[in-house]
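A.B. asks: Read off the chains here:
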Amino acid sequence: MSVREITADDIESLAVGAWILGTGGGGSPYLPLLNMRRLYREGYRVQLMDAADLDDDDLVGTVANMGAPLVGQERLTDSLTLARAVEVMEKHLGHRFAALMSMEIGGANGVRPFMAAAHLGRPVIDSDTMGRAYPEAQMTSVSVGGLTPYPLTAVDVRGLESVVHKVPTWKWAERVMRKICVEYGSVAATCQPPRTGAEVKKWGIHGTTTKAIAIGAAVREAQRTHADPIAAILSVEPGKLLYRGKVVDVARRTTEGFLRGVVRFDGLDDWRGEKLEINFQNEWIVALREREAVAMTPDLICVLNSDTGEAVGSETIRYGQRVTVIALPSPPVFLSEDGLKHVGPRAFGYDLDFRSVFSS
Amino acid sequence: MRRIGIDVGGTNTDAVLIEDGKVIRAVKAPTSEDVTAGILDSLKSLGSTGVLEGKRIDGVMIGTTHFINAVVQRRHLTKVGALRLGMPASASLPPFCDWPEDLAALVCGGVWMVEGGHEYDGRPFMPLDEAAVTKAAHEMKAAGLKSVGISSIFSPLDPSHEKRAVELVAAVIPDVAITCSSDLGRIGLLERENAGLLNAALADLSRDTIAAFEKAIRDSGLDAPLFITQNDGTVAEAAQARRLPVYSFASGATNSMRGAAYLSGLADAMVIDVGGTTADVGQLKNGFPREANSVVKIGGVRTLFRMPDLLSIGLGGGSHVSLDPLKVGPVSVGYRLLKDGIAFGGKQLTTTDVAVAAGILDLGDRSKVAYLDEATCQKVFGEAARLAEEAIDRMKTEAADVPLIAVGGGAFLIPEKLPGVSQVIHVEHGDCANAVGAAIAQVAGECDQIFKDLTRRDAISAASDIANDRAVAAGADRATLQTIESEDMPLAYLPGNSVRVRVRVVGDVKATA
Numbered sequence: 031m032s033v034r035e036i037t038a039d040d041i042e043s044l045a046v047g048a049w050i051l052g053t054g055g056g057g058s059p060y061l062p063l064l065n066m067r068r069l070y071r072e073g074y075r076v077q078l079m080d081a082a083d084l085d086d087d088d089l090v091g092t093v094a095n096m097g098a099p100l101v102g103q104e105r106l107t108d109s110l111t112l113a114r115a116v117e118v119m120e121k122h123l124g125h126r127f128a129a130l131m132s133m134e135i136g137g138a139n140g141v142r143p144f145m146a147a148a149h150l151g152r153p154v155i156d157s158d159t160m161g162r163a164y165p166e167a168q169m170t171s172v173s174v175g176g177l178t179p180y181p182l183t184a185v186d187v188r189g190l191e192s193v194v195h196k197v198p199t200w201k202w203a204e205r206v207m208r209k210i211c212v213e214y215g216s217v218a219a220t221c222q223p224p225r226t227g228a229e230v231k232k233w234g235i236h237g238t239t240t241k242a243i244a245i246g247a248a249v250r251e252a253q254r255t256h257a258d259p260i261a262a263i264l265s266v267e268p269g270k271l272l273y274r275g276k277v278v279d280v281a282r283r284t285t286e287g288f289l290r291g292v293v294r295f296d297g298l299d300d301w302r303g304e305k306l307e308i309n310f311q312n313e314w315i316v317a318l319r320e321r322e323a324v325a326m327t328p329d330l331i332c333v334l335n336s337d338t339g340e341a342v343g344s345e346t347i348r349y350g351q352r353v354t355v356i357a358l359p360s361p362p363v364f365l366s367e368d369g370l371k372h373v374g375p376r377a378f379g380y381d382l383d384f385r386s387v388f389s390s
Numbered sequence: 036m037r038r039i040g041i042d043v044g045g046t047n048t049d050a051v052l053i054e055d056g057k058v059i060r061a062v063k064a065p066t067s068e069d070v071t072a073g074i075l076d077s078l079k080s081l082g083s084t085g086v087l088e089g090k091r092i093d094g095v096m097i098g099t100t101h102f103i104n105a106v107v108q109r110r111h112l113t114k115v116g117a118l119r120l121g122m123p124a125s126a127s128l129p130p131f132c133d134w135p136e137d138l139a140a141l142v143c144g145g146v147w148m149v150e151g152g153h154e155y156d157g158r159p160f161m162p163l164d165e166a167a168v169t170k171a172a173h174e175m176k177a178a179g180l181k182s183v184g185i186s187s188i189f190s191p192l193d194p195s196h197e198k199r200a201v202e203l204v205a206a207v208i209p210d211v212a213i214t215c216s217s218d219l220g221r222i223g224l225l226e227r228e229n230a231g232l233l234n235a236a237l238a239d240l241s242r243d244t245i246a247a248f249e250k251a252i253r254d255s256g257l258d259a260p261l262f263i264t265q266n267d268g269t270v271a272e273a274a275q276a277r278r279l280p281v282y283s284f285a286s287g288a289t290n291s292m293r294g295a296a297y298l299s300g301l302a303d304a305m306v307i308d309v310g311g312t313t314a315d316v317g318q319l320k321n322g323f324p325r326e327a328n329s330v331v332k333i334g335g336v337r338t339l340f341r342m343p344d345l346l347s348i349g350l351g352g353g354s355h356v357s358l359d360p361l362k363v364g365p366v367s368v369g370y371r372l373l374k375d376g377i378a379f380g381g382k383q384l385t386t387t388d389v390a391v392a393a394g395i396l397d398l399g400d401r402s403k404v405a406y407l408d409e410a411t412c413q414k415v416f417g418e419a420a421r422l423a424e425e426a427i428d429r430m431k432t433e434a435a436d437v438p439l440i441a442v443g444g445g446a447f448l449i450p451e452k453l454p455g456v457s458q459v460i461h462v463e464h465g466d467c468a469n470a471v472g473a474a475i476a477q478v479a480g481e482c483d484q485i486f487k488d489l490t491r492r493d494a495i496s497a498a499s500d501i502a503n504d505r506a507v508a509a510g511a512d513r514a515t516l517q518t519i520e521s522e523d524m525p526l527a528y529l530p531g532n533s534v535r536v537r538v539r540v541v542g543d544v545k546a547t548a
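Residue numbers (our numbering), protein chains in the order written: chain A, 31 to 390; chain B, 36 to 548.
For reference, chain A alone in the conformation it holds in the complex:
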């Protein structure tokens, strides 16, 4: 059995690493981190478990928050409400989950399953369904796998509880859940469709919590020792350094509930004189040099503060910031023809054939 206890220090690293894997979106893990600090101070502990250790007929609950980041900053996600979303699902199913799992490791949702797990006393599986952050619920490995998109639960802190019993597709799941979420006040704790142990083993993206902790630990250690945090990340991840520069222009617009736009950079150091631009839809989607795509989804494009190594989000990036752009490899599940249909450049409206930074 490969189960280990997550330490308070691991949680600090997880918050830093999950924000980096958020690839510009996913929301800052700051408030979930505050929740976890409090829970650990009060004596709660969470175990991390490998998917391989699940029995095939175990059931796993996938935890995520849904809604507008703005509302989250006022209503401050409560750990008990996340736990409640899981309990409502268990009651609906008449089954107890053997473990919980993250829907997206990138951003705040990378930490939230731990909030629920602390109260419920279940382990968290070291896997997720995105390997990063993506803006829509059908952009997951379990959607690529064609797994059942229902049932789902949505809970509001005031005791409002909804079960979506059946929907035909993942797109419908997204539409119906979004409606419920808006009525709640644009924030809801959700439990995503339950997965069997066999499904998690086959379709989960594995080792992502461990990966986020390792990245975060490398960055924090580099900060402590005044070493280069970017080099530290690349020493623990098979990533590629793409660019170093400063932000010279940010254009944002909000359309259909997404934050879209483009950031332009001027090169520094080895990239002096070279320009780069990165298009985003919540997350960084395509990086272009002289109009030629140099990195694109599903490869992870991470824009990092050059001094601290911490992630820079698309909501807050601003003129003058010194950043380093690195790419991390996509989970293999998204590299198939079907995977690329879900999360490749065309899924975001770019008429580009996917070419990986790591293929050459």
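Treat the hints as calculated values from the structure; they're not laboratory data.
Quick reminder that beta carbons are idealized off the backbone N, C-alpha and C, glycines included.
Derived DEER-like restraints, expressed as beta-carbon distance ranges:
hint, chain 1, residue 1, chain 2, residue 2, range
1, B, Val146, A, Lys121, 30 to 36 Å
2, A, Ala98, B, Pro162, 19 to 25 Å
3, A, His256, B, Ala405, 33 to 39 Å
4, A, Ser386, B, Pro159, 47 to 53 Å
Assemble chain B onto chain A, guided by the hints.
C.D. replies: Chain B only, in chain A's frame:
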């Protein structure tokens, strides 16, 4: 129109007399341990020059770092009762949850959380639990608390629950000082609440300090109203400033930027204010500093309220210089400059020593720094220029070259040419730009509330009337008022055509008859 501007900095207290738009006299004195004695000294030293003889002064405008220093140094803070309206949401992250432990231990007098608050679209989140508010007030009274911070979910959109809670608490604790988060902050409950709690923690210090300032003015023989300069470059008359001391936190840097705009005649430019220890870089837009739109940490506490967007770097007239390898700052000799610098018989080489050696400054004993040759001096200035250039580039919001105004006692470190800068402007009286900025500050009035059953135009007009009246009440001359910000947002889900309107006006301080 005659005003005195005073800026109490960490090192110096500057005072200027401005008459009909001209700087008549500027005086500089070391800041004293007792801030008010320093103010009295500078008023007396202005008076001793005879410029005040037989003249009426329309206002004494003081910029002070007193309140932010109290937070940073953890001194003179009042115990605060925190009342949050928003249960059952947010229960797991109570007030003070992300404060540094030492500061929370000094300030936290107890936490009460009750039902209340609103949704993002204006619907009530939960009805306000008035009985619970009253019960909390009785417990605060029993605990001997005299200062209370009240916060409510989405109160910047609808402050009605906070306002009602103020009435309920005041009915139980008659002499209580209350800060509402909606008086200060923006969206982001923890950061807005933190700003409110810091403000509440300064209740006693604020009352005592403002009273002492007023006494200093009287003791100097002047009969003039006191105004305190604010983060946004305006002033508030004493009574209002006493209620919201956090609004003066960054007024020193703001005053420098406003003074730089005034002295140079430029409304849009970058400003670098080089002091003894640090240089602050900011951007002027329409004569006012650009506002920070992000979290600002004060004394380790994350806050989000009206603050200028500033970048501070460790470069100043007292910065340590080492030659091999070449390094300038960030450590500084600070206020010991005239003792510890080599040109003054001390042992630490500073940027001021280098300027003395290069013949730029005529201070101290030049022979003591004669060992620094021209090439060495230029290398040091080159490094200082590089630090300044990078900071300016980080704070610019456009790629094109822009003018730069260099002010402050250490402005000699800024060369006439810098990459990314169209023109470097050094101004007369630039070393007391902060006091000039204080003296010329205008009075603001703001209205931010929800109007029902009015047309958009009538709602904006009603809001403007309120903002104008508030500015006049705060000491503005009605004839000079102008609107500097106006925005309106329709709120769905509220009955009867509701619109939230925010209007901000500024005007000149009314001259005394």
